[in-house]
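Participant: Sequence:
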Amino acid sequence: MGIALGLIAVSPKVSALASSSPLTIRASLTADIGPSTLLATLSNPGAAGWLGQRYLADHPYEQNANRLIDQLSAALDAYLVQFPIKAPPQAPTDSTALSQVLSALIQYEYRSVPLLTVDGWLLAPSEARLYALAALTTTHRQAALPRDLTNQRMRPRPSAHS
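In this text, residue positions in the sequence shown follow the numbering used here: the first is -4, and each later residue adds one.
One thing to keep in mind: the hints can contain errors.
Each pair of labels, with its calculated beta carbon distance range [what the hints assert, rightly or not]:
hint, residue 1, residue 2, range
1, P55, R106, 26 to 32 Å
2, D53, P79, 20 to 26 Å
3, V76, Y105, 26 to 32 Å
4, F78, P55, 16 to 22 Å
5, D53, Y105, 28 to 34 Å
6, P109, G29, 16 to 22 Å
7, Y105, A69, 17 to 23 Å
8, Q58, F78, 16 to 22 Å
9, V76, A52, 30 to 36 Å
10, P79, A52, 25 to 31 Å
11, S31, R106, 27 to 33 Å
12, D72, P109, 18 to 24 Å
In case anyone wonders, no lab produced these hints; they're calculated from the structure.
These numbers were taken from a predicted model, which means no experiment stands behind them.
Quick reminder that beta carbons are idealized off the backbone N, C-alpha and C, glycines included.
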């Protein structure tokens, strides 16, 4: 059984978000997040979409991009209220900043909430919803696991902050 966290394109250094300003990201981070901004956080949208299709097959009531975005936004808001962080130097909807916050949320969910099993992969709920969003909005839906994932573990792409 694998863990698919590696599809999120982030550096695990959430502390790199530190800035001199207090939390200003909470309200504006989730207010205008669109599918393209969320999907820009994925290092492999094809693989994410593949897992997302499997998730949606077991959770057909979530086959709505707006619903998924709302749920991801609510999870991000709840996480940021519970664990305030300082705003990153980039705009709040910047994919790098969003990627770091999503990674922190997903890591938190791995430790704190029941995980979902999707086709043999353990996924955090927000991670599964992000992948479902990829399945609903990407044009290259695939019937089989992409070849690059059959021979190696998923891993994050290098972050600009590394």
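Participant: Indicate, hint by hint, whether the structure satisfies it.
Facilitator: Checked hints:
no., hint, verdict
1, P55 with R106: 26 to 32 Å, "holds, 28 Å"
2, D53 with P79: 20 to 26 Å, "violated, 34 Å"
3, V76 with Y105: 26 to 32 Å, "violated, 19 Å"
4, F78 with P55: 16 to 22 Å, "violated, 32 Å"
5, D53 with Y105: 28 to 34 Å, "violated, 19 Å"
6, P109 with G29: 16 to 22 Å, "violated, 29 Å"
7, Y105 with A69: 17 to 23 Å, "holds, 18 Å"
8, Q58 with F78: 16 to 22 Å, "violated, 30 Å"
9, V76 with A52: 30 to 36 Å, "holds, 33 Å"
10, P79 with A52: 25 to 31 Å, "violated, 37 Å"
11, S31 with R106: 27 to 33 Å, "holds, 29 Å"
12, D72 with P109: 18 to 24 Å, "holds, 21 Å"
In this structure, the earlier hints numbered 2, 3, 4, 5, 6, 8 and 10 are contradicted, and the remaining ones agree with it.
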